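Q: Letter by letter, the chains look like this.
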Amino acid sequence: MSTVDLANTPLRELNAALHKLNGQTNDTHWEVRNPLGKHAVAVGVDAPVTIEIDGHVGYYCGGMNKQARIVIDGNAGVGVGENMMSGEIHIKGDASQAAGATGRGGLLIIDGNASARCGISMKGIDILVKGSIGPMSAFMAQAGNLVVLGDAGEALGDSIYEARLFVRGKVKSLGADCIEKTPTAEERDMLAAILKRGGCESISPDEFRLYGSARKLYNFHIDNVSSY
Amino acid sequence: MCGIVGLFLKSRMLEPQLGAMLSQMLGVMTDRGPDSAGFAVYGAGDGSHIKLTLRSNLGNDIDTIADEISADIGGPLASSKRGSHIVLTTPKSIEQKVRDWLAANRADVRVVGAGSRMELYKEVGLPSDVAERFALKDMAGTHGIGHTRMATESAVTTDGAHPFSTGVDQCLVHNGSLSNHNGVRRNLQRDGLTFQTENDTEVAAAYLTWRLRQGMDLNTALEACLSDLDGFYTFVVGTESGFAVLRDPIACKPAVMAETDDYVAFGTEYRALVGLPGVEQARVFEPEPAKVYVWERH
Numbered sequence: 003m004s005t006v007d008l009a010n011t012p013l014r015e016l017n018a019a020l021h022k023l024n025g026q027t028n029d030t031h032w033e034v035r036n037p038l039g040k041h042a043v044a045v046g047v048d049a050p051v052t053i054e055i056d057g058h059v060g061y062y063c064g065g066m067n068k069q070a071r072i073v074i075d076g077n078a079g080v081g082v083g084e085n086m087m088s089g090e091i092h093i094k095g096d097a098s099q100a101a102g103a104t105g106r107g108g109l110l111i112i113d114g115n116a117s118a119r120c121g122i123s124m125k126g127i128d129i130l131v132k133g134s135i136g137p138m139s140a141f142m143a144q145a146g147n148l149v150v151l152g153d154a155g156e157a158l159g160d161s162i163y164e165a166r167l168f169v170r171g172k173v174k175s176l177g178a179d180c181i182e183k184t185p186t187a188e189e190r191d192m193l194a195a196i197l198k199r200g201g202c203e204s205i206s207p208d209e210f211r212l213y214g215s216a217r218k219l220y221n222f223h224i225d226n227v228s229s230y
Numbered sequence: 104m105c106g107i108v109g110l111f112l113k114s115r116m117l118e119p120q121l122g123a124m125l126s127q128m129l130g131v132m133t134d135r136g137p138d139s140a141g142f143a144v145y146g147a148g149d150g151s152h153i154k155l156t157l158r159s160n161l162g163n164d165i166d167t168i169a170d171e172i173s174a175d176i177g178g179p180l181a182s183s184k185r186g187s188h189i190v191l192t193t194p195k196s197i198e199q200k201v202r203d204w205l206a207a208n209r210a211d212v213r214v215v216g217a218g219s220r221m222e223l224y225k226e227v228g229l230p231s232d233v234a235e236r237f238a239l240k241d242m243a244g245t246h247g248i249g250h251t252r253m254a255t256e257s258a259v260t261t262d263g264a265h266p267f268s269t270g271v272d273q274c275l276v277h278n279g280s281l282s283n284h285n286g287v288r289r290n291l292q293r294d295g296l297t298f299q300t301e302n303d304t305e306v307a308a309a310y311l312t313w314r315l316r317q318g319m320d321l322n323t324a325l326e327a328c329l330s331d332l333d334g335f336y337t338f339v340v341g342t343e344s345g346f347a348v349l350r351d352p353i354a355c356k357p358a359v360m361a362e363t364d365d366y367v368a369f370g371t372e373y374r375a376l377v378g379l380p381g382v383e384q385a386r387v388f389e390p391e392p393a394k395v396y397v398w399e400r401h
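For the record, the sequence lines run as chains P and R. 3 is the number of the first residue of the first sequence in my numbering; add one for each residue after it. 104 is the number of the first residue of the second sequence in my numbering; add one for each residue after it.
Don't read these hints as lab results, they were simulated from the structure. None of the values given here were measured: they were computed from a predicted structure. Do not take every clue at face value.
In silico lysine to any residue, SDA-like type, Cα no more than 25 Å apart, as pairs [unchecked claim]:
#1 R:K394 with P:G152
#2 P:K132 with P:E203
#3 R:K356 with P:H41
#4 R:K356 with P:E203
Some chain P residues flagged as far from chain R (calculated, every beta-carbon gap over 12 Å) [said to hold, decoys possible]:
#5 S4
#6 T27
#7 N36
#8 P50
#9 V73
#10 N115
#11 Q144
#12 S161
#13 Y163
#14 E164
#15 G171
#16 K172
#17 A195
#18 E203
#19 R211
#20 F222
Glycine residues also receive a C-beta, built at the ideal position from the N, C-alpha and C atoms.
Could you put together the complete structure from these sequences and hints?
A: What follows is the structure, given as structure tokens:
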């Protein structure tokens, strides 16, 4: 196991070392101490390794992640897992705004709450939030699944495309073109699989409501002009 | 982009270290605002005196100003120098006379802040340098607010630096930009408020002063901001006994807070809070959009 203490190692040194990793390495377990809210910790990793971060991180932690499993034992700042491609990011505390923004794949697990714009423009990522999410979440979400065990804030799924939003608690309001849908058997299985991967297999998929696109804003239509 | 730091102490034990804690926090926020910096500290004071924090707009010597005023209108006036600023402690009974004397004799001198306990310092330059020049780390107090500015809405001048103070023991710092400040300023001017700059943040400070003057408490006055001020803002506000935070309804600008049994701390980024004692065990949270947070000393 490699241990890097960011109190006395420059962040660029850590990220450069992580970027050098590839599928052949035996150095598959990393521990990062004293992140001290620094931005861009473990960004751009592309190797099947586990990175455990002991403390709170700043902006964009784990951004663009491929393959790696990143565990943050603390809170994460703005844009955690932004544009992640695959792998898993697990935040044991809360996440700030725009968690998982534009994410294309992989699984983002937030044990606490996520604030505004969680999953904004998500493009295939799966996001599991065990607490609640803030306003304007899944804005322009295109693909993937957002699963929320708690509540959702205002304007959930505004201008959504084909992402699925599963919410167990209350939704303060839905955004433009976002409606409640009846889940298919396939969608129910998909939800069950995400719950299982996040260690929530005891929760039944039947406790959730599904929200998605009414598909009325895809193309310009004069009757919808007030919604644009 | 700007940086805000704020600290409200619950524990008296920490009061001698307030300045040192705030100074360190301010330094970390240099990345977010290298143009100018400022801070307000609520320290010692009593109800019968007012502390006027003064600076010369033209950089003129103000070291002997207390003697000059005393010679003309009597005293007693105490003065202490901190960097380029002077804090003049005047009995409340002659505060207006002192202000009139300054207006008549020293047009270059600005009253940066006035309060029974508040002292306010600000200057152009890197935040850590500004904190050093004013020896912030040696200051004691119950609460304090600091700001590092990256100018967007008005020029890089000391006048445009935060905090802004428009009422006794009141100050406000702002991250963001207001879009209806000209209209609000005109309305406030009609109601007799005066402005020293064209800055949008000064309008927010004056708006709060106006609301508090109407008898609103801090909580209600900040709630009124939500309907009357348009734009992006995270505000941190200080009063003689209070410390408050408000973010706009879409929380456009970042903010994070940490609370322990000993203090409440605000930082634009968590990085600013990492040097605080026991922060690892603190309750760390993001203030919610459009929600007023107020802490009061009892």
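Q: Take the hints in turn and mark each one as holding or not.
A: Comparing the hints with the structure gives:
The straight-line distance between the Cα atoms of K394 of chain R and G152 of chain P is roughly 20 Å, inside the 25 Å bound, and the hint therefore holds. This hinted pair checks out: K132 of chain P and E203 of chain P have alpha carbons roughly 12 Å apart, not beyond 25 Å. About 16 Å separates the Cα atoms of K356 of chain R and H41 of chain P, which keeps this hinted pair within 25 Å; it holds. Annotation: proposed proximity of K356 of chain R to E203 of chain P is violated, straight-line Cα distance about 37 Å (limit 25 Å).
Every C-beta of chain R lies more than 12 Å from that of S4 of chain P, the closest at about 23 Å, which supports listing it as non-interface. Distance check on T27 of chain P: its Cβ is at least 31 Å (rounded) from any Cβ of chain R, clearing the 12 Å threshold; non-interface status holds. Not every C-beta of chain R lies more than 12 Å from that of N36 of chain P, the closest at about 9 Å, which undercuts listing it as non-interface. Every Cβ of chain R is farther than 12 Å from the Cβ of P50 of chain P; the closest lies at roughly 29 Å, confirming the non-interface assignment.
Residue placement check: V73 of chain P keeps its beta carbon more than 12 Å from all beta carbons of chain R (closest about 17 Å). With 12 Å as the threshold on Cβ separation, the claim that N115 of chain P sits away from chain R is violated: the shortest Cβ distance comes to roughly 9 Å. No beta-carbon of chain R is positioned within 12 Å of the beta-carbon of Q144 of chain P; the least distance is around 22 Å. Distance to chain R confirms S161 of chain P as a non-interface residue, since its nearest Cβ pair spans about 15 Å, more than 12 Å.
Against chain R, the non-interface label of Y163 of chain P holds: every CB pair exceeds 12 Å, the least being about 22 Å. Consistency note on E164 of chain P: stated as away from chain R, and its beta-carbon is indeed over 12 Å from all of that chain's, at 25 Å minimum. G171 of chain P, annotated as away from the interface, keeps every beta carbon of chain R farther than 12 Å; the closest lies near 16 Å. Listed as a non-interface residue, K172 of chain P keeps its Cβ farther than 12 Å from every Cβ of chain R; the least gap is roughly 16 Å.
The Cβ of A195 of chain P lies farther than 12 Å from every Cβ of chain R, with a closest approach of about 31 Å, so its non-interface assignment holds. Separation of E203 of chain P from chain R is adequate, the least Cβ-Cβ distance of about 29 Å exceeding the 12 Å criterion. Taking the minimum C-beta to C-beta distance to chain R, about 23 Å, the non-interface status of R211 of chain P holds against the 12 Å cut. Every beta carbon of chain R lies more than 12 Å from that of F222 of chain P, the smallest distance being close to 26 Å; the non-interface claim holds.
Comparing the model with each earlier hint shows violations of hints 4, 7, 10; every other hint is respected.
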